[in-house]
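Turn these sequences into a full structure, and let the hints steer you where they fit.
If you read the protein sequences in the order shown, they are chains A and G. Using my numbering, read the first sequence as starting at 1 and increasing by one per residue. Using my numbering, read the second sequence as starting at 1 and increasing by one per residue.
These are computed hints drawn from the structure, not numbers from a lab.
Calculated pairs, DSS-like style, for lysine-lysine (alpha carbon to alpha carbon, straight line, at most 25 Å): (1) K42(A) - K111(A); (2) K57(G) - K108(A); (3) K42(A) - K11(G); (4) K11(G) - K57(G); (5) K57(G) - K70(G); (6) K108(A) - K42(A); (7) K1(A) - K108(A); (8) K108(A) - K68(A); (9) K1(A) - K57(G).
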Amino acid sequence: KQEVTQIPAALSVPEGENLVLNCSFTDSAIYNLQWFRQDPGKGLTSLLLIQSSQREQTSGRLNASLDKSSGRSTLYIAASQPGDSATYLCAVRQVNYGGSQGNLIFGKGTKLSVKP
Amino acid sequence: DAGITQSPRYKITETGRQVTLMCHQTWSHSYMFWYRQDLGHGLRLIYYSAAADITDKGEVPDGYVVSRSKTENFPLTLESATRSQTSVYFCASSFGRGFTEAFFGQGTRLTVV
Numbered sequence: 001k002q003e004v005t006q007i008p009a010a011l012s013v014p015e016g017e018n019l020v021l022n023c024s025f026t027d028s029a030i031y032n033l034q035w036f037r038q039d040p041g042k043g044l045t046s047l048l049l050i051q052s053s054q055r056e057q058t059s060g061r062l063n064a065s066l067d068k069s070s071g072r073s074t075l076y077i078a079a080s081q082p083g084d085s086a087t088y089l090c091a092v093r094q095v096n097y098g099g100s101q102g103n104l105i106f107g108k109g110t111k112l113s114v115k116p
Numbered sequence: 001d002a003g004i005t006q007s008p009r010y011k012i013t014e015t016g017r018q019v020t021l022m023c024h025q026t027w028s029h030s031y032m033f034w035y036r037q038d039l040g041h042g043l044r045l046i047y048y049s050a051a052a053d054i055t056d057k058g059e060v061p062d063g064y065v066v067s068r069s070k071t072e073n074f075p076l077t078l079e080s081a082t083r084s085q086t087s088v089y090f091c092a093s094s095f096g097r098g099f100t101e102a103f104f105g106q107g108t109r110l111t112v113v
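Next comes the structure, spelled out in structure tokens:
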């Protein structure tokens with residue numbers, strides 16, 4: 001059974017700091033990995049999608065990497081801002097040979113707080 | 001409006017009542033999903049659908065029923081609501097099964113009293 005773990009569960013940093021959020025998964029048979037942002041009481045906003053054949057993706061100050069063989073992904077946020085404060089979720093789109101193919105399995109998230 | 005929308009945004013219902021949460025997407029995505037989000041458990045898959053008239057159970061399907069008569073709609077029904085079904089429910093969709101991005105609705109906060 002695929003399990004996705006995010007460490008740390010919470011992180012507090014001063015404004016301007018570069019930071020890394022970690023995501024690990026137990027089954028490397030995935031289609032892709034997606035990072036989401038969730039603000040309190042809101043839905044999930046897709047940040048970055050990395051296909052299983054890719055090593056990294058970038059969008060503005062965000063850079064996500066994927067090492068499928070070791071079951072790890074990182075989300076790098078450069079020059080953090082108070083507006084980056086939110087919960088960050090990673091999810092893998094798993095490949096199953098029978099049953100529920102292509103479903104997203106989520107980690108429990110990292111709650112990020114960026115202090116002014 | 002383009003995108004994926006859920007209704008209602010907030011709902012309070014009594015134990016034993018039937019309640020339906022609506023999900024509508026405008027992209028003609030083939031895949032649609034229902035998740036629930038609970039503190040300590042994260043997001044868990046309830047049901048998913050690969051196309052109209054094709055649905056299957058996820059991790060926590062008990063007490064829920066889905067249907068998908070049209071590609072754009074994927075309603076979730078709680079047949080007889082229980083307090084344990086108090087949660088935030090998210091609908092999602094994606095173009096295909098595998099190498100495609102998933103998009104989420106804004107969620108429905110359901111309280112069962």
